[in-house]
Amino acid sequence: MSEKTMTINLKIWRQSNPTAEGKLVDYRVENVSPDMSFLEMIDVLNEQLVHKGEDVIAFDHDCREGICGMCSMMIDGKAHGGYKNTTTCQVHMRLYKDGDTIVIEPFRAQAFPIIKDLTVNRGALDKVIMAGGYITASTGNAQDANAILIPKPIADEAMDAAACIGCGACVASCPNGSAMLFMGAKVSQLALLPQGKVESAKRSLNMVHTHDQLGFGNCTNHAECEATCPKGISIEHIARMNREYLKAAFTYYEKDRSEGGA
Amino acid sequence: MMTSAVNHYFFSSIGRKQLVAMTGLALCGFLVGHLTGNFLLLAGSDAFNIYAHKLESLGPVLYLIELALTGIFVLHLGLAIKLTIENVKARGGTKRYEKKVKTGRGTTFMSQTMPYTGLVLLVFVILHLISLKYGTNYPTTVDGVPMRDLYRTTMEYFASTSATIWYVVAMICAALHTSHGFASSFQSMGWNHGKYFKNVKRIGYLYALAVSAGFAFLAVWAHMKGV
Amino acid sequence: MPINLESKIPAGDLKDKWSKHKFDSKLVNPANKRKYTVIVVGTGLAGGSAAATLAELGYNVLSFCIQDTPRRAHSIAAQGGINGAKNYPNDGDSVKRLFYDTIKGGDYRSREANVYRLAEVSTNIIDQMVAQGVPFAREYGGYLDNRSFGGSQVSRTFYARGQTGQQLLLGAYSGMMKMVSKGKIKMFNRREMMDLVTINGKARGIIVRNLITGELERYAADAVLLCTGGYGNVYFLSTNAMTSNASAAWRCYKRGAAFANPCFTQIHPTCIPVHGDYQSKLTLMSESLRNDGRVWVPKAVGDKRKPEQIPEEERDYYLERIYPSYGNLAPRDVSSRQAKYRYDEGKGVGPTGQAVYLDFRDAIARDSLATIAGRYGNLFEMYQRITGDDPYKTPMMIYPAVHYTMGGLWVDYNLQSTIPGLHVLGEANFSDHGANRLGASALMQGLADGYFVVPNTLSHYLASNVLEKVTTDDSAFKDAEQAVVLQTSRLLNTKGKRSVDEFHKALGHIMWEKVGMARNEKGLKEAIESIRKLREEFWQDVKVPGDTGNFNLELHKAARVADFLELGELMALDALERKESCGGHFREEYQTPDGEALRDDDHFAHAAVWEYTGTNSSPIRHKEELVFENLKLATRSYK
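Residue numbers (our numbering), protein chains in the order written: chain A, 1353 to 1614; chain B, 504 to 730; chain C, 429 to 1067.
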């Protein structure tokens, strides 16, 4: 725990509403402790703004322990600051030096409209999940939890994918504004598990088509998503989705039984 | 919706990406064949001209192959351009972040320059066809058989320093393009297995280096040799 | 209207109560379910699982979420695991043992019947979550793995790395999303409940604030389920998320829902210590770490050497010394209190002295670094990111922090509050954990309430009441909305000098010092005085910039802190009135010679249930006597 404090210069994107013109505004925060988290440094700035009677900087945050996925900032052009396996709330000021200038912008993508300042609407990610990111297992249907054995490496791999916190850093850092890592993680997790395999084909078709309609871009395998993912999710999961999708597109078939029938 | 899944495939993000991947890999295959043929330049004019003549005399089959190759090329190119335009829109326009910094662990120079190296290669291919395939047709006879002296056309072409430099530049672009494209195609097709993918990437780099260096070597060799 | 505290516990043998009750409950015919609308506030494990299940059954569900998506509810932050009485490890577990452990862990201040039901459905929860694709940890044979948690001597905790809460929540969330896509759940994100609307004494709707536009919105329904979590943020610093708040529950309290045992708060022993006054929250280090980590302090007072320099014989592994049979896995309240004693003795470590060591040196030597990394790697990384220290090399420093609130709105066996139609689920109710919750039981309770309890009990309520049609034009909606409008304009127009956070921090300081880990009569009386004074100052001097009609974060916080300032007083009052020590409630006047909690079963074997009587009058303390027919009240010992 260090005693020395720092002065940090900030350039923060301010935009009062979705349609307003936004711009970067300069701020200066003094007495920043290296033990502060990045968001606590912004708390300090906001307290200053309150005392000046100014509108505080709107930013999303909630659990502040790196799991809820709410915090979302481009710090110096990198999602969550670009540190390995780290969300914005887990970035600490000891990573910066006295006098540093930090540029803070919202997660930008066509599918993430800005609400205010650094807050964006990531509702499109919910829509991708709605299109099939679930297992249809209504409450009460379940058999004994140990009835289907799952090899440990498969369960672990599924857990790797399931670790996604839905923060959208993959979209924000993808040069194409694509949500393939987010979607791939879910498709892959459920395709790996025997419980999820049942509806894997339909899932991948519906999710991919929904993803495309929502204005997300296409994957060109930059892997910038993997690099900025705070949970270190691998693009292998995108590959698994590609495979599932290819298979589904050419083999999934449901007969039209709307006429006649028993 | 389900019954039209196949139709959707050809308009979907992943479907079109996979078409780019497959056509890309096919073009990679073509380059290997092309390069193998080109090495006959080293064996002298007769060997090279006989090889060219044999290809020519395939007749309709050659046209079919050329048609397929053109189709693959146009599809690869057209889809790539379409996807790139969509991607610029999806990221929210050309100006996105004030600071343009990457983590250094994802995006590479090769992956970022794919559209540009691709366009250079497009221009290159057109010019390449004009100056060589559709270049001056010198008649010659080898073992009494009349045929085109493509060897002479080629050597004359590379006699020019600027043409050779342009060719080498294009081959550098080809190296950059395929070094990302090769492994990327495997990823797009879903052939990324933790156990093998590192090697796929290595093979991709090796391929890019070997093929591009091969072509460039022949160009420089031809230039040095002179007409 | 006199308050009705009938617990509605069914008669009969403990183990048959729940199945008998289900059979005796009235059902709603499948075709009629679609005629009912149910409001579910909150999308954590309780709210998410309830919304999904009710929608699957055919009800129309309106679901409200304070974050931008239901997947971010704070259940997501639970790390260690979820209990289930499966007895897969064959180590002597059973429904009865989980029941027993939970009652004992709660220091005999919870209802037998509720807890037994919880233990009973715990096994179904594990089955259900596996079916929904939760990738629980497994062994090489493909079977589910278990680990142990504080307060039990069996391994019954299922886990998904250090992210069990996340995985369970995403399971519940995915079920919700399925029903949203089918149109059976209407999802309202970034909405905060501002008030409950009652018509003819029944809960019939809510007023919410659209956090983005600032507009107030009205929603009517046939029943309201409140799944809004606990009130730990009254302490300002806690492991709760920043938006976790008590307002929804508090507004229900002011509308007539009784509040039970508000002083029962859980102080979790393994959190990263406080390190500065700018700090916004505390981070929990999973209790599972105590499976392998050993807790110690130096034996000598004021020993400032580095931990590595302190030889074995000069270390006091105090939990192992005092509680040989449970050791480092002593329950949370006990472990927290022992850490506080070490600080009081001057043996605390770190720059502030408010810390003890949690050491993995021996575990690494015994099981190898790779094994320990496999078990806790992500937690170690998190610790290092926050503190800058590497726990593989140097012991972690931990200290207790507010984590969970066992108290909450009073509910009967059907999870219905004293307001008919208002059901309260999960941490928001008071039902199952008594005076102290065992590790890995919060997830279990949230899901039990949402998946298995409320779907049954709600149908009984709907089928046995005539619910006339109401619209949001009803005067009750107008009045409730008007009250919110008035409060909002008062907050915005006070235009004082102190920020909302300054008040919140001041309240938190009072609460932690006087209504925290150890309480006494004098301190509690002072706390009540100080809170009242602070509340007055708040309404005269708070500064909330901006206006309504847009995304005004300071305004949102201000409304929450206004409620915390009232709730804090009730907590202190409840703590003052409970003249005994039990579980997380430790009154210094009532302790054994060796510093353990001293219960007074003759006078306090009851839930204290508080009734609101108005702004200017004191709340009334009612009692719900706790009847123990199956377990004998015993002194809780972990020695």
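Please keep in mind that the hints were generated in silico from the structure rather than gathered at the bench.
Hints should not be assumed to be uniformly reliable.
[Said to hold, decoys possible] Quick look at which bits of chain A chain B covers, simulated, 3 or more residues with Cβ under 8 Å:
| # | segment |
| --- | --- |
| 1 | 1375-1388 |
| 2 | 1452-1465 |
| 3 | 1495-1504 |
| 4 | 1552-1562 |
Each residue gets a CB set at the ideal place from its N, CA and C atoms; glycine is no exception.
- Task: Take the segment 1375-1388 of chain A, compare each residue's beta carbon with every beta carbon of chain B, and decide whether three or more fall closer than 8 Å.
- Result: Coverage by chain B is violated for the segment 1375-1388 of chain A (1 residues, Cβ < 8 Å).
- Check of the segment 1495-1504 of chain A against chain B for coverage (Cβ-Cβ below 8 Å, three residues minimum): Per the Cβ count (0), the hint is violated.
- Item | Coverage of the segment 1552-1562 of chain A by chain B (three or more Cβ within 8 Å) | holds (count 5)
- Three-residue Cβ test at 8 Å for the coverage of the segment 1452-1465 of chain A by chain B: holds (count 6)
Violated hints for the displayed structure, listed by number in ascending order: 1, 3.
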